[in-house]
Amino acid sequence: MESDSISHTSPPSASNCKDISRKKRVGTSLSCFHFHFRFLIFFIDVLFFVVDFQRSAKLKQCKLDARREQWLSQSAVKNKVCCKEGTNDGDSKQTQRGERDRSLENFEMRGTAEANGEVENVSVQHESDSESFPPNSHTSSSLLGGMDSGTSFTNSSSSSTSSGGCCSGSITEEEGGDGCLDDWEAVADALAADDDKQELDPNENNKENLCLGSTPGLEPNPQLGSNGEGSDLKNSEPECPRMVQRATGTCRAWRADDTFRPQTLPNLSKQRSFPATDRRFGQGGVSWMRNSAFSVPSSCPICYEDLDFTDSSFLPCLCGFRLCLFCHKRILEEDGRCPGCRKPYENDPVEAEASVQGGSLTTRLLARSCSMIARS
Amino acid sequence: MATVNGYQGNTPVATSPGPKHPAPPAKTADAQSVLKRLQSELMALMMGGDSGISAFPEEDNIFCWKGTITGSKDTVFEGTEYKLSLSFSNDYPFKPPKVKFETACFHPNVDVFGNICLDILQDKWSSAYDVRTILLSIQSLLGEPNISSPLNTHAAQLWSNQEEYRKMVEKLYKPPNA
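Here the protein sequences line up with chains W and L, keeping their order.
First residue of the first sequence: 40, per our numbering; consecutive thereafter.
First residue of the second sequence: 242, per our numbering; consecutive thereafter.
Hints are computed from structural coordinates only; laboratory data are not their basis.
Computed from a predicted structure; not experimentally measured.
Possibly wrong hints are sitting among the right ones.
[As the list claims (entries may be wrong)] Cβ-Cβ distance ranges computed for the label pairs, FRET-style:
| hint | chain 1 | residue 1 | chain 2 | residue 2 | range |
| --- | --- | --- | --- | --- | --- |
| 1 | L | Q398 | W | F353 | 47 to 55 Å |
| 2 | L | S381 | W | L357 | 23 to 31 Å |
| 3 | W | C380 | L | E322 | 41 to 49 Å |
| 4 | L | K277 | W | T349 | 14 to 22 Å |
| 5 | W | L354 | L | V353 | 42 to 50 Å |
| 6 | W | E373 | L | Q398 | 32 to 40 Å |
| 7 | W | D347 | L | E411 | 32 to 40 Å |
| 8 | W | K368 | L | Q398 | 33 to 41 Å |
| 9 | W | C380 | L | G320 | 19 to 27 Å |
| 10 | W | E344 | L | M409 | 46 to 54 Å |
Every residue gets a Cβ at the ideal spot worked out from N, C-alpha and C, and that includes glycine.
If we strip away everything but chain W, and leave its shape as in the complex, we get (with noise of 0.2 Å):
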C-alpha cells in the first residue's frame, strides 16, 4: 500500500479513482471473506468439539491419529451436506457424531462386534479410499476373513468387520504382542519356579527366586555362586547339583530384552551353556571323564585352544575324551595313545596303523611318494 501511494503521488488525481475503486473491492471481497470466515471458524470449532470429543479416548498412537483427521475430514464433507440440508437439529447432528466417533473407537479399539453394519461400510469404505493400509486390509481378508475373500469390502458387513479388526490388530499389534510375550513369560517363570521347587535342594532353591525376584542385571549371581561351589573340588558330586541349576538357569524366560523371544531362546541357552563349560575347565580340575560324558567342552583340554566346530564334533576315541585336531594330530605323531585312557588311537585305520608301526616310518613313506608325485 505504501509503496503504491508513493509511485502514485505524481498523477494525483487519477490515482484517488483508482483508489476509491479499489477500496470498494477490496470491501466486498472481505465481506465475502467475512462469510466465509465465519462460516470457517464455525467449521472449526466444530472441529475442535469433534478433537476433544476423541481425545478424551486417550488415544497414543500418531497413526490413529492421522487416520482419524482423514476419516474427519471426509465426515466433516458429509456434514456439510447436512448443515446444508437441514440447520436447525445441531444436537441431534452431534449425537450423529458422537455416535460415528464411538463407532470409530470401536472400529480402531477393535470392538467391531456391538458396531452397525452402516457405520462399518463407511468405515471401510475410508479404509479403500485412503489407501493407507493396502496391505493390512488384503491380508486381513485373506487371513480372517478367509470365507468371503473374494467379496468386495463394501458388500457384507462380515467382510468389513474382519477387515476392519485386522486393521486395528495391525495397528495395536506392539502392544498385543507385548502382552502376550508377558503372559507367556509369566507361565513359564512360573513353570520354572516350580522346577527349581522340584529340583533344588532348599539353598539353591532360595538363590532361585532371589534371582527371579530380582532384575535381569543381577542375573550372573546364582552362576558365580556356583562357581564358588565349585571351588570346593573336595565336593565329591559337583557337577550334578551344578549342571541342574544351569539346566533351569538356561530355561528362565524373563529376560526384559529380549522381544524375539521364542526364537532366541534355544540360541541363549546354547550360548550361555558354553562358558559354563568353559568355566568348569577353568576350575582346572580337568576332570574330563566327567566333562566329556555330560557335555563337549569349549576348549581343547591339551592346549587349552577354543575348539571350533570341527574340533567339537571330533570324536577320536571311545572312551569320550576330545581334543582338538591339531593335538590328535600331535599325540599320532608320538604315542598315539588317547590321552583319556592311554590307549592307542584305533578309529581310524590309518591312524592307527601309522600309531602302532610307528609315526616315523609311514611319514617317511608318505614324504617319499609325494616327493615323487612331485617330480613326475
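Let chain W serve as the given structure and place chain L on it in line with the hints.
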C-alpha cells in the same frame, strides 16, 4: 635368534641376563602354545584353591615352577611341607615335566637327590595331566608309597613301622626356608 628372542620375550621378566634354567631351544609356535597352556594352568591353579598344594612360576621363567606340597593328614608326613621344582619343556604337555624335590624327603620313591619315581611322570604320562594333578599325585604318593620299586631302600624297609618312620621323617625334615 628369533626363537630365542620370542621365547624370552614371552617370559614375565626378561631383564636378568642369565636365567638359572636355560631355555631349551625350540620352535616359537611350540613355545607359544606351551606358554598359553602354562598360563591357563596357572590361572586355574590359583582360582581352584586346592588345599595342600600350590605352585607358581619362578620370577624370570614361566617354564620353571616352584611348587609346595603339605603332607596329608593321618599320614607320617602330616605337618610337613616340601618344596618341588617343575621344569617344562617345549614338548609339554605331550612330554611330562621334570619334577624334583627341593626339600629332602625321606620316602621310598624319592632318592637323596630329590628325584621322584612316579609312573605318571614317566611312561604313564598323559597330556591330560597338568600341574595340579601332578602335585596331587605326589601328595598322595607320600602317604601311599610303592614299596616294590624303591629308590630309597632304607625308607622302604622302614615303612612297615609307621612310628619309627614318623620319627625318621621328623628327624630328617628340614623346613624349607622361604
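Item checked: Hints breached by this structure -> 3, 7, 8, 9
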